[in-house]
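Numbering (the numbering used here) for the sequence shown: 189 to 355.
Hint data in this document are derived by calculation from the structure and do not stem from the laboratory.
Treat the hints with caution; some may be incorrect.
Said to hold, decoys possible - Cut-off 20 angstroms, straight-line C-alpha distance, at most; resulting in silico cross-link-like pairs (EDC-like, lysine to aspartate or glutamate):
#, residue 1, residue 2
1, 283, 210
2, 283, 254
3, 324, 207
4, 317, 246
5, 332, 304
6, 231, 246
7, 324, 346
8, 235, 254
9, 324, 345
10, 324, 304
11, 349, 328
12, 317, 352
13, 332, 246
14, 332, 270
Unchecked claim - Derived Cβ-Cβ restraints for the label pairs, each shown as a range:
#, residue 1, residue 2, range
15, 318, 348, 33 to 43 angstroms
16, 352, 211, 17 to 27 angstroms
17, 317, 215, 17 to 27 angstroms
18, 281, 323, 27 to 37 angstroms
19, 352, 282, 13 to 23 angstroms
20, 335, 259, 35 to 45 angstroms
21, 249, 224, 18 to 28 angstroms
22, 239, 282, 28 to 38 angstroms
23, 292, 348, 14 to 24 angstroms
For glycine and all other residues, C-beta sits at the position ideal for the given N, C-alpha and C.
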Amino acid sequence: MTVSNSGPLIHLAMIGRLDLLESLFGRVVIPRTVKTEVVDRGKEEGKADAFLVEGEIENGWIVVEDYIDGGAEDIANSAGIELGEAKAILLARSKQCLVLLDDLATRRFAMGLGLEVTGSIGVLVRGVKVGLMSRKEGLDTLEKLARAMWLSVGVYEDVRKVVEGLG
Numbered sequence: 189m190t191v192s193n194s195g196p197l198i199h200l201a202m203i204g205r206l207d208l209l210e211s212l213f214g215r216v217v218i219p220r221t222v223k224t225e226v227v228d229r230g231k232e233e234g235k236a237d238a239f240l241v242e243g244e245i246e247n248g249w250i251v252v253e254d255y256i257d258g259g260a261e262d263i264a265n266s267a268g269i270e271l272g273e274a275k276a277i278l279l280a281r282s283k284q285c286l287v288l289l290d291d292l293a294t295r296r297f298a299m300g301l302g303l304e305v306t307g308s309i310g311v312l313v314r315g316v317k318v319g320l321m322s323r324k325e326g327l328d329t330l331e332k333l334a335r336a337m338w339l340s341v342g343v344y345e346d347v348r349k350v351v352e353g354l355g
């Protein structure tokens with residue numbers, strides 16, 4: 189099980205690889221705020237990824253949980269992160285599990301709280317490591333991710349080298 193923020197769900201849905209989350213983690217828990225952001229707002233904007241994520245919620249492996257605030261707004265404001273990110277971090281902390289975050293500042297904040305963190309790129313690398321994808325599929329997936337989300341040239345090259353070295 190893992191907890192996810194919006195970014196990894198959106199990015200992996202955009203490239204047709206939500207299956208990696210189910211295969212790697214079995215169950216993905218999201219705060220209702222994240223569901224609202226990804227599915228409800230996404231559907232209003234006609235984004236295909238919103239419908240894909242909604243379908244997986246209906247399939248039952250993405251689970252929406254109401255997170256009792258517990259200071260999420262204060263944390264979001266003081267740390268300069270989004271409310272959904274704060275709620276995902278607090279939910280992962282309460283469940284003592286991995287949290288999926290793509291934003292670097294948010295990742296650093298979560299790691300500062302002692303949480304294990306990965307993101308869309310980490311999911312891709314794990315997928316290749318455990319044999320869910322070949323190296324070639326991993327590199328193709330990296331290329332698609334680079335079009336779906338912002339990646340610096342350095343990060344792209346580092347991940348490419350890691351994936352090429354796997355298998």
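Against the structure, the hints come out as follows:
Distance check on the hinted pair: residue 283 and residue 210 sit about 18 angstroms apart at the alpha-carbon level, within 20 angstroms; holds. This hinted pair checks out: residue 283 and residue 254 have alpha carbons roughly 13 angstroms apart, not beyond 20 angstroms. Taken as a hint, the residue 324 and residue 207 pair is honoured in the structure, with Cα atoms around 17 angstroms apart against an allowance of 20 angstroms. With a C-alpha separation of about 29 angstroms, the suggested pairing of residue 317 with residue 246 is violated against the 20 angstroms cut-off.
For the given pair, residue 332 sits about 25 angstroms from residue 304 by alpha-carbon distance, which is inconsistent with the 20 angstroms threshold. Between residue 231 and residue 246 the CA atoms are separated by roughly 15 angstroms; this keeps the pair inside 20 angstroms, and the hint holds. With a CA separation close to 16 angstroms, the supplied pair residue 324 and residue 346 stays within the 20 angstroms bound. Of the pairs offered as hints, the one joining residue 235 and residue 254 is violated, with about 24 angstroms between alpha carbons and a cut-off of 20 angstroms exceeded.
Under the criterion of a C-alpha separation no larger than 20 angstroms, the hint pairing residue 324 with residue 345 is consistent with the structure, at around 15 angstroms. Of the supplied pair hints, the one linking residue 324 and residue 304 is violated, its CA atoms being roughly 27 angstroms apart against a limit of 20 angstroms. At most 20 angstroms may separate the alpha-carbon atoms for a hinted pair to count; residue 349 and residue 328 meet this at roughly 13 angstroms. Taking the CA atoms of residue 317 and residue 352, the gap is near 11 angstroms; set against the 20 angstroms cutoff, the hint holds.
Among the hinted pairs, residue 332 with residue 246 is inconsistent with the structure: their alpha-carbon atoms are about 26 angstroms apart, more than 20 angstroms. Proposed proximity of residue 332 and residue 270 is contradicted: the alpha carbons are some 25 angstroms apart, above 20 angstroms. Under the hint 33 to 43 angstroms, the C-beta atoms of residue 318 and residue 348, about 19 angstroms apart, miss the expected range. Separated by about 22 angstroms at the C-beta atoms, residue 352 and residue 211 satisfy the suggested range of 17 to 27 angstroms.
Our hint of 17 to 27 angstroms for residue 317 and residue 215 holds, since their Cβ atoms are close to 20 angstroms apart. Against the hinted window of 27 to 37 angstroms, the Cβ-Cβ separation of residue 281 and residue 323 comes to about 34 angstroms, which satisfies the hint. Between residue 352 and residue 282 the beta carbon distance is about 38 angstroms. The supplied range of 13 to 23 angstroms is therefore violated. Here the CB-CB span from residue 335 to residue 259 is close to 37 angstroms, well matched to the stated 35 to 45 angstroms.
For the pair residue 249 and residue 224, the supplied restraint of 18 to 28 angstroms holds, since their beta-carbon distance comes to about 19 angstroms. At roughly 29 angstroms, the beta-carbon separation of residue 239 and residue 282 lies within the given 28 to 38 angstroms, and the hint holds. Restraint check, residue 292 to residue 348: a C-beta distance of roughly 19 angstroms satisfies the suggested window 14 to 24 angstroms.
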